[in-house]
Amino acid sequence: MLAYALRTLIKMVITLFAIVTLVFFATRLSGNPIDFVLGDGITREDRELLTTYYGLDGSVWTQYLRYLAAFVDGQFGLSFLERRPVADVVAERLWPTAQLILSATAFTLLVSIPLGILAALKRKSWVGSAVMTVAFLGLAVPNFVLATLLVLVFAYLLNWLPIVGNGTPAHFIMPTIALSGLLIAALTRFTRNAMLDVLSQDYMRTARAKGLKERRVILKHGLGNASITLLSVIGLQVAGLAAAGSVVIESIFAWPGIGQLLVRSAILRDYPVLQFGVLTVAIAVIVINAVIDIAYAYADPRIRLAKG
Amino acid sequence: MTAAPEAQPVLAVEGLKVAFGAHEAVKGLSFSIRAGETLALVGESGSGKSATALAILRLIEREGGRIAGGRILLGTGAEQIDLTALSDDALTDIRGDRVSMVFQEPMTSLNPVMTVGAQLAEVFIRHRGLSARAALEEARAGLDAVRIPDAQRRLVQYPHELSGGLRQRVMIAMALACRPDLLIADEPTTALDVTTQAEILDLIRSLQNEIGMGLLFITHDMGVVSEIADRVLVLRHGQAVEEAATAELFRAPQAAYSRALMEATPRLGSGSLTTPASATPVLTVRNLSTRFPVRKGFLRRLQGELHAVRTVSLSLNEGETLGLVGESGCGKSTLARSILRLVEPAEGRVDLAGRELTGKRLADLRPERRLAQMVFQDPFASLNPRLPVHELVTEPARIHGLIGEKDQKQLAADLVTRVGLEADCITRYPHQFSGGQRQRLCIARALSVRPKLIVADEAVSALDVSIARQVTDLMLDLQQREGMAFLFISHDIAVVERVSHRIAVMYGGEIVEMGATADILARPQHSYTRRLLAAVPSGKPGENRKDGRLREAVAPKLAFTRPGERLAQLPLVEVLPGHFVRAEAA
Chain A
0 MLAYALRTLI KMVITLFAIV TLVFFATRLS GNPIDFVLGD GITREDRELL
50 TTYYGLDGSV WTQYLRYLAA FVDGQFGLSF LERRPVADVV AERLWPTAQL
100 ILSATAFTLL VSIPLGILAA LKRKSWVGSA VMTVAFLGLA VPNFVLATLL
150 VLVFAYLLNW LPIVGNGTPA HFIMPTIALS GLLIAALTRF TRNAMLDVLS
200 QDYMRTARAK GLKERRVILK HGLGNASITL LSVIGLQVAG LAAAGSVVIE
250 SIFAWPGIGQ LLVRSAILRD YPVLQFGVLT VAIAVIVINA VIDIAYAYAD
300 PRIRLAKG
Chain B
0 MTAAPEAQPV LAVEGLKVAF GAHEAVKGLS FSIRAGETLA LVGESGSGKS
50 ATALAILRLI EREGGRIAGG RILLGTGAEQ IDLTALSDDA LTDIRGDRVS
100 MVFQEPMTSL NPVMTVGAQL AEVFIRHRGL SARAALEEAR AGLDAVRIPD
150 AQRRLVQYPH ELSGGLRQRV MIAMALACRP DLLIADEPTT ALDVTTQAEI
200 LDLIRSLQNE IGMGLLFITH DMGVVSEIAD RVLVLRHGQA VEEAATAELF
250 RAPQAAYSRA LMEATPRLGS GSLTTPASAT PVLTVRNLST RFPVRKGFLR
300 RLQGELHAVR TVSLSLNEGE TLGLVGESGC GKSTLARSIL RLVEPAEGRV
350 DLAGRELTGK RLADLRPERR LAQMVFQDPF ASLNPRLPVH ELVTEPARIH
400 GLIGEKDQKQ LAADLVTRVG LEADCITRYP HQFSGGQRQR LCIARALSVR
450 PKLIVADEAV SALDVSIARQ VTDLMLDLQQ REGMAFLFIS HDIAVVERVS
500 HRIAVMYGGE IVEMGATADI LARPQHSYTR RLLAAVPSGK PGENRKDGRL
550 REAVAPKLAF TRPGERLAQL PLVEVLPGHF VRAEAA
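Residue numbers (numbering that gives the first Met the number 0), protein chains in the order written: chain A, 0 to 307; chain B, 0 to 585.
Hints should not be assumed to be uniformly reliable.
Claimed, not checked - Beta-carbon label-pair distances, calculated as ranges:
(1) ARG214/A - HIS430/B: 42 to 52 Å
(2) ARG178/B - VAL133/A: 42 to 52 Å
(3) SER128/A - ARG385/B: 25 to 35 Å
(4) LYS123/A - HIS430/B: 18 to 28 Å
(5) ARG263/A - ARG132/B: 51 to 61 Å
(6) GLN302/B - SER128/A: 46 to 56 Å
(7) LEU151/A - ARG385/B: 42 to 52 Å
Derived from the structure by calculation, the hints contain no laboratory data.
Source: prediction; values computed, not measured.
Ideal Cβ positions, reconstructed from N, Cα and C, are used throughout, including at glycine.
All chains should be built: construct the whole structure from the sequences, respecting the hints.
Okay, structure coming up:
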């Protein structure tokens with residue numbers, strides 16, 4: 000098990016290096032950012048001064064090596080706009096985003112796992128079909144449409160909920176629902192299929208033949224096995240989609256998180272911040288995946304013991 | 000094990016009807032079982048025997064069936080209850096406590112993510128209201144009762160860490176946890192090796208003596224019936240064909256169907272092959288060894304090697320069948336695969352029809368592949384469900400360029416008629432065939448390239464005995480007409496006997512005995528051969544208690560060596576002309 004965790008960790012480091020490299024070259028594709036930020040009214044000397052100051056002189060390769068060296072030192076540069084270290088700019092955005100994603104993930108799990116189990120158990124009645132129809136429709140609604148609808152109904156028409164910011168618990172309701180919509184639809188369908196798969200297994204018949212109550216048969220023996228498949232999806236889909244979705248949702252609700260920061264930095268070409276922000280998100284997704292990977296191996300004794 | 004005649008029936012089934020949709024699987028079945036008595040419910044796949052078992056536990060509704068009529072009475076007198084009239088809730092109190100069940104597939108019947116201990120303890124917590132700690136203590140006692148060695152360690156193991164035989168013991172421990180009035184055992188030994196089957200049958204019998212429960216034993220195998228049952232009910236198409244005391248049935252079966260079932264049962268001494276084999280060798284194997292590396296830890300460092308096949312030499316002539324016998328894990332399938340280089344052998348030489356298979360690059364081996372074909376165990380998994388029969392059975396011929404697109408249908412029709420199927424079935428798909436018919440298709444596919452050698456790896460082990468008999472008869476017939484050699488692999492020496500000129504017994508990766516079939520059966524020399532022979536049901540009721548010692552479990556373990564370590568091997572001695580026996584350590 001320890002060896003397995005260690006191997007996962009090493010794979011993680013390799014992936015990180017690839018991302019660091021990719022982010023560097025992707026942001027260099029569009030030329031010298033000084034030109035975009037400062038425009039035409041700049042002297043040649045000032046331009047060169049600034050280019051050197053922000054480490055944008057020399058060939059791409061020397062820049063890349065300097066960039067890597069700075070990384071090792073923990074020097075990530077200054078924000079073009081705020082003139083502060085990018086680490087500080089990004090760091091203060093982390094917690095609001097984490098809060099939003101956690102709240103959306105928790106909401107998704109709480110809604111879709113019971114719904115998925117219900118849909119599997121009642122697959123032959125109208126209840127099952129109704130759940131699956133709603134889930135199917137949910138997949139077709141992009142999260143920005145759902146967000147706009149929520150704002151329209153609960154903020155403008157009913158005036159129940161605040162729209163902008165993250166000041167109170169009430170502020171969480173709409174962004175959480177908007178971010179979860181797609182995830183709930185996807186995870187409900189997945190839970191249903193995983194449960195259907197498990198329900199037809201021989202060991203479920205054994206559990207019933209032992210005289211266990213139906214509740215225990217479903218939750219302990221059924222969900223216990225289905226959760227292994229669910230874990231992998233929660234890791235890949237839920238964490239990934241939530242990260243991607245938060246970019247859109249944060250912009251709509253003016254949520255002071257990383258997503259909003261990324262959009263702003265991209266529009267205003269604040270490359271150091273964009274670079275570091277993308278990197279932070281990538282690291283978060285990779286770390287979550289690695290954790291889920293290890294949890295997955297741990298949850299399934301067949302893998303846990305085989306990987307010794 | 001025989002119940003006193005005055006013992007009260009623990010179960011009485013009256014006019015039971017079970018239906019799946021419009022199809023009636025059980026059509027008015029009546030029987031009763033007394034305490035301490037064993038009733039065998041015998042029939043082939045589809046006879047309604049499993050439907051009957053699941054109806055008694057009222058689990059049939061879960062499988063899409065329903066009880067369409069009749070009563071299932073548990074107990075006697077004032078306490079008698081009709082299981083067909085009970086609520087779902089009341090039924091859960093009965094299941095696992097008063098009536099319990101052991102299923103056929105020990106590999107899939109246990110929950111893979113719960114420890115053995117937790118699964119056993121669950122029963123005590125549910126029905127006895129024990130605390131988790133007390134239940135686990137009972138679980139350990141339960142494992143002791145089914146004679147699982149080292150019970151304390153097993154409690155925290157997961158099902159995949161146990162062998163099939165041990166898992167079935169866990170299932171039995173679970174079923175007997177609450178000392179039920181009635182145990183239903185649905186083909187509990189069918190998925191097991193004959194040696195393991197013998198152990199499990201012994202175990203069930205002795206626990207029945209101890210607990211005194213009624214036993215409903217479901218099987219298709221008359222050999223097993225002769226070992227365990229007091230009375231037999233023969234079932235066909237959902238109806239009782241014959242009911243009699245076991246001894247009576249075996250002495251004078253009344254119904255023609257009962258006789259047919261009995262004749263199909265492989266029994267020792269039913270005679271070996273007499274068809275002459277030529278003296279031209281088709282296959283020679285010299286000192287073939289296959290080892291699997293065992294790696295562990297972060298760097299996957301080599302820990303050592305597992306010796307699956309150890310310096311095996313054998314030969315096979317045209318028109319000859321060599322039976323290769325041994326238990327699961329003895330290396331017999333690896334040997335077959337190594338011969339065909341589906342697994343890469345470490346050492347040794349294989350010649351097939353005068354061409355050397357070893358020493359050639361794998362990619363250059365295609366012409367030789369035509370000469371040897373394989374038939375596998377599971378006819379459901381070894382046919383592509385998306386291909387129609389005419390494409391399935393001719394695929395090897397097309398791969399080897401023997402036929403073109405337009406000859407396909409004609410060749411397919413010819414092949415299926417040679418294996419005893421109708422020529423017009425070639426447009427159908429695998430799911431439209433029964434297990435036995437599918438195995439015929441697998442044989443037809445092998446025949447399509449006119450091979451010199453057919454390797455049948457447990458090819459009839461997944462079939463009902465009567466169907467297995469038909470398939471082995473087909474192989475014999477094909478051999479007589481077309482003269483190919485067979486390497487016939489099985490765990491059951493009685494099945495092998497009838498089809499083999501010679502037998503090789505494999506144990507722990509080695510051939511421990513090899514010789515003419517009649518010699519091996521009449522004069523077995525190696526202790527393991529004797530153990531294999533003792534495991535075969537005699538088919539004669541009352542003779543089931545053979546030498547008990549021979550039926551004890553001896554796990555055949557493959558040898559393991561650390562890097563640099565050498566493995567000593569005892570010599571193979573020719574005791575009679577053509578009869579070889581491995582020397583045994585004292």
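Just tell me: holds or violated, for the beta carbon distance of ARG178/B and VAL133/A against 42 to 52 Å? Taking Cβ atoms as reference, ARG178/B and VAL133/A lie about 49 Å apart, which means the hint holds.
Between GLN302/B and SER128/A, does the beta-carbon spacing fit 46 to 56 Å? holds, 54 Å
Range first: 42 to 52 Å. Now tell me if the beta carbons of ARG214/A and HIS430/B are that far apart. violated, 36 Å
So the hint says 42 to 52 Å: do the beta-carbon atoms of LEU151/A and ARG385/B match that? holds, 50 Å
Mind checking the hinted window 25 to 35 Å against the Cβ distance between SER128/A and ARG385/B? Given about 29 Å between the Cβ atoms, the range holds.
Look at the Cβ atoms of ARG263/A and ARG132/B and judge whether their distance stays inside 51 to 61 Å. holds, 59 Å
LYS123/A versus HIS430/B beta-carbon gap, inside 18 to 28 Å or not: Holds: the Cβ-Cβ distance is about 23 Å, inside 18 to 28 Å.
Of the numbered hints listed earlier, the single one contradicted by the structure is hint 1.
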